[in-house]
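**Q** Protein chains in written order, with the numbering used here: chain A, 1 to 157; chain B, 158 to 474; chain C, 475 to 1021.
Simulated from the structure, these hints should not be mistaken for laboratory data.
These numbers were taken from a predicted model, which means no experiment stands behind them.
Some clues are possibly wrong.
In silico SDA-like links for lysine to any residue, alpha-carbon gap of 25 Å or less [to be verified]:
| # | chain 1 | residue 1 | chain 2 | residue 2 |
| --- | --- | --- | --- | --- |
| 1 | B | Lys288 | C | Ser652 |
| 2 | B | Lys442 | C | Glu654 |
| 3 | C | Lys742 | C | Ala953 |
| 4 | A | Lys123 | C | Ala799 |
| 5 | C | Lys973 | A | Asp99 |
| 6 | A | Lys123 | B | Val195 |
| 7 | C | Lys549 | C | Ala514 |
| 8 | B | Lys288 | A | Pro69 |
| 9 | C | Lys947 | C | Asp616 |
| 10 | A | Lys123 | B | Lys193 |
| 11 | A | Lys105 | C | Asp625 |
| 12 | B | Lys442 | C | Val844 |
| 13 | C | Lys742 | C | Asp686 |
| 14 | C | Lys591 | C | Lys701 |
| 15 | A | Lys141 | B | Phe199 |
| 16 | C | Lys943 | C | Asp811 |
| 17 | A | Lys153 | B | Val195 |
| 18 | C | Lys701 | A | Ala31 |
| 19 | C | Lys912 | A | Ala31 |
| 20 | B | Lys193 | A | Ala31 |
| 21 | C | Lys476 | C | Ser504 |
| 22 | C | Lys912 | B | Leu337 |
| 23 | C | Lys742 | C | Lys943 |
| 24 | B | Lys442 | C | Ser653 |
| 25 | B | Lys193 | A | Trp17 |
| 26 | A | Lys139 | B | Ser220 |
| 27 | C | Lys820 | A | Pro36 |
| 28 | A | Lys105 | C | Glu998 |
| 29 | C | Lys975 | C | Asp686 |
| 30 | C | Lys947 | C | Ser504 |
| 31 | C | Lys820 | C | Asn935 |
| 32 | C | Lys742 | C | Glu998 |
| 33 | A | Lys105 | C | Gln631 |
| 34 | B | Lys288 | C | Glu998 |
| 35 | C | Lys922 | C | Lys973 |
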Amino acid sequence: MLRILDFFDYAKSESLWMAHFCTGCCSLEMAAAMGPRYDWERYGYMPTPTPRQADILMITGLVSKKILPALLRTYAQMPEPKYVVALGACSFDGGPYNDSLAVIKNPTEILPADVFIAGCPPKPEAIIEGLEQVKQKMKDKIPSAASQGGLWKEMEY
Amino acid sequence: MNTVIDAFLFPGLFYALVWTVLLYWFFRKFMAPLHKRVGPHFNGPYGSYQTLFDLSKLLTKESITPDGVNPYLFSIMPILAVITALLPTAFIPWTPSYPVVESEYGLLALIVLIGIEPFLLFLTGFGSDNKYSFLGGIRVLTQSISMETAFFLAALSPALLFGTLNLSEIVDQSSWGSFLVLIPGFFLYFITLLGLLEQPPFNIPDAEQEIVYGFYTEYSGTNYFMLKLAEFTEFMAVFAGAATLFLGAYKGLFFDNYLCFFIKMLLMAIVMMILRAATPRITLKQMLHFSWRYLVPISLLNLAWVMLAKNLFFAGV
Amino acid sequence: MKKIKAILENFDTEYVEDYKKIWIKAKLQSSDALLAVAKAVQDEGLRSLSTVSPTDFPDRETIELNYFFEDLQTKRNLWLKCDIPRELEKCEIASLTPLFPGAEWHEREAYSMFGVKFLNHPDLRPIIVSEDFIGKTPFRRDFDWEQHEEDVAKNVQAIVDAFKDEQATNEVNLDPESSETVLNWGPTHPASGPIRLRVHCDGEEIISIDPDIGYVWRALESLVTKKDFVGAIVAVERLCFMDNINSMVGYCMAVEEIAGTEITEFAKWMRVILGEVARISSHFMGLGGFFMNLGLHTLFMWNLGTREFFLDFLESYSGARIATASIEPGGVRYGLDMTMFDELQKALDQFDNTVDDIEMIFVNNPTMKVRAKDVGVLSADEVEDYALCGIVARASGVKTDIRIDEPYAAYDQVDMDYVTRSNGAAADRFKVLFGELKQSVDIIKQAKKRIEEGVASGEFNPTKDHMVKVPKKLPAGEALSRVEWARGEVLMHLVTEEKAKSPYRLKLKAPSFNHTMMLNKLLEGQTLSDIPLVFGSLYVCQGDLDR
């Protein structure tokens, strides 16, 4: 019995589908990672049209104030187990938009990310490497960071 | 004991599962070179475990029932969809010793069972309490009503030619001559099949870019797995129907075997994939126009042609 | 040009002067005359109002409004200024929307950013700004942003409340007898990107569309004022990542104009090459996106594959695939190692390999023609009235291309022509896009040949000629620059103060803003299936829509 459950856990870690949600510029490199040269489908990643079938939420770059509620709502709509990946400098500390009027400077304080991928925008290789780290995290049975804490639990969205 | 094997092993649930996993993998792996990509690669030989992992994941993931929906309607519909999609396999002559249910009216059962599937999908969309799902459901219904007329007429042409509704008998009587006569019928069947299976250019009900994912929008986890299983089993039923009615089922060039049947179904899947890679989606209006202006009249003409051919070439049969 | 001057002489003006080759710059004594002047110049043929750009001068107690009128046919342009008082109550001016329908959103933008009230505006609601900025004036110089930011949670709550209110009420006001409903098309929608269209529809039929934009609002125009002149290119480049080079070219031209710097011939040609490479990489995404919206991913994938080779050239030149920051005031940032042209040649070869297949399978695709040949039709008159530009204008047969009309960089020495079609439907826009892709490759070949010849003859020194020094502190002044961006005209209006280290005000007019405005007009009465098609064919990028 244990073996069968292990198999299903392994299956979960090997098949990661992304919610189709772009908050900023990094989605351009996500598209490149889908493309012929980098082709993330080799590793089993796939975008899905609705968050209901997704395993991973990508924070693709900057999070403006206006899109934050939509981001949190998308996260809430995803089924467990779900992980968050933050792309680019913007989702870490605002990046080039640190002084901007409309951008949330630390979105991952609100919705903690499991993996940060550096770059502005990150290269497709880096995106795939980051997703491989999520796989490893799932295999090690580390619970997702957003389930452990973060301001999103107290916020209304 | 035989019944259990039939229901759960072949041609029942297990067969459908294996078919789903393999066909899903084949779709993705075949589509990738057309996109100049590689497709699933690292999990297993040629990435063949990938879809096994995908579907296992869906099976065990949390399935969310949204607020405000009728939970029974929402969760029962996927199961019903799977069962309805599985039932036609009982009437298909996979090898000379099949079908499971020997019936004088096999063809009728086949097309009726294929025909009610869209209504179940409509109910999944209707029960989701989501505007996009509802629109998807309505689109399924519209499309199936207009496509099924031509589909039924095309599927009836072998019955007219051979004078029987018994699928085994149709296969027995089929020959190269009958195949040539039925070619127009086969083309009509294939076009309407694209409509029934929601494949491009008729992938209107689950048009991602228009209505998110149609009736799938609210489904997650196990329920979505069921719908996916139903979709691929439906592929199997419709392909198997085409192979049986027009292509002589298990009859091969050198030997009669299940393998010949499988190759015929695979060829149809390949043609469907190539169309998928090169054809944009048309709109609902254009689909209705195409169906009622061209498909239905042509399938009526096809019936006339089959009658004529029967009197000309098969008068003695 | 003389006629325009004659018209302006009838009114009280502070000055009327020639500016560049095809512009007239004038300032009105009083804002009351604006409507009459606008009417007169519109009759003369200047039918497009490109944008409205307010500049805030707290010490003079005025807000200066800049209007940019354009004539797309005869290429005569007018830059009209007038002052209005700064206090919020008196900060009013007559709206030009009744005359120039294309000004509608631009005036709404000026209203939400600067608090300028436009009298007689048909629909003066805030646009772009998130709900916490409504009623405030975020772009005025004295806006206290730090105080506003003190309670971020409260600001976010304001946005959530506004959204919930809207969801709770948006179907209450509808006729209960009809089956009209409101669909939220975005921002989580697979084809939308960060934009939300409130689609009022009856079943499949669309009744009206009201776009809700601002989901990627980064306030770039105020962000550049916090950076120095070189640092500002980082913000300007992020106008939209798909074609970032040309927006930097526009900004650098404005800075160079104020500084009085003339860049070298080599740098001009480099700007042409880099700009066209960026345009190609953007057009590839646009072509692919068009078919993606029809449910076909193949072209998108093929284009991504070819695009990688062009990005390779950018990477070998600047070290970054997309965010190159390679255009700087004074020229281009890096010298050129001639071996980099091998990468470019590889990309051009790759393009030649695929272009015929794309033309055969996709450009002449019968199903695409059935879908797109009668949808989203724009007439040439509408193009002029709504000040549309780029491929959208050229697909309707309007001959406008700033690379030819008002040549910048080295485009005056390039052999090129307008790529136009006459019908103005979605399919025509797709074909213009494809035609421009081929044109860009042709321009790259010309520029590459010119640089290679120049280097061979010793005219250019590729490691030293790329840059001339631009002073860190600029004199007071203002400049206007226009570039043909991948999506159309980008107009930049830069204002500097004496000995300033950073821009005082930079107005970015981006083409997607006008194009998105057309959605309601194009989609009224169509079906839901046409939304992604028309949206994709307008070639909108949310980055430059919100800025």
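**Q** For each hint, tell me whether it holds in the structure or not.
**A** Now for the hints, and whether the structure bears them out:
no., hint, verdict
1, B/Lys288 with C/Ser652, "holds (16 Å)"
2, B/Lys442 with C/Glu654, "holds (19 Å)"
3, C/Lys742 with C/Ala953, "holds (19 Å)"
4, A/Lys123 with C/Ala799, "holds (16 Å)"
5, C/Lys973 with A/Asp99, "holds (23 Å)"
6, A/Lys123 with B/Val195, "holds (19 Å)"
7, C/Lys549 with C/Ala514, "holds (17 Å)"
8, B/Lys288 with A/Pro69, "holds (20 Å)"
9, C/Lys947 with C/Asp616, "holds (23 Å)"
10, A/Lys123 with B/Lys193, "holds (20 Å)"
11, A/Lys105 with C/Asp625, "holds (13 Å)"
12, B/Lys442 with C/Val844, "holds (12 Å)"
13, C/Lys742 with C/Asp686, "violated (39 Å)"
14, C/Lys591 with C/Lys701, "violated (29 Å)"
15, A/Lys141 with B/Phe199, "holds (21 Å)"
16, C/Lys943 with C/Asp811, "holds (21 Å)"
17, A/Lys153 with B/Val195, "violated (40 Å)"
18, C/Lys701 with A/Ala31, "violated (31 Å)"
19, C/Lys912 with A/Ala31, "holds (23 Å)"
20, B/Lys193 with A/Ala31, "holds (15 Å)"
21, C/Lys476 with C/Ser504, "holds (23 Å)"
22, C/Lys912 with B/Leu337, "violated (47 Å)"
23, C/Lys742 with C/Lys943, "holds (15 Å)"
24, B/Lys442 with C/Ser653, "holds (19 Å)"
25, B/Lys193 with A/Trp17, "holds (21 Å)"
26, A/Lys139 with B/Ser220, "holds (21 Å)"
27, C/Lys820 with A/Pro36, "holds (17 Å)"
28, A/Lys105 with C/Glu998, "violated (39 Å)"
29, C/Lys975 with C/Asp686, "violated (36 Å)"
30, C/Lys947 with C/Ser504, "violated (33 Å)"
31, C/Lys820 with C/Asn935, "holds (24 Å)"
32, C/Lys742 with C/Glu998, "violated (45 Å)"
33, A/Lys105 with C/Gln631, "holds (16 Å)"
34, B/Lys288 with C/Glu998, "holds (20 Å)"
35, C/Lys922 with C/Lys973, "violated (38 Å)"
In the structure shown, a violation is registered for the earlier hints numbered 13, 14, 17, 18, 22, 28, 29, 30, 32, 35, in ascending order.
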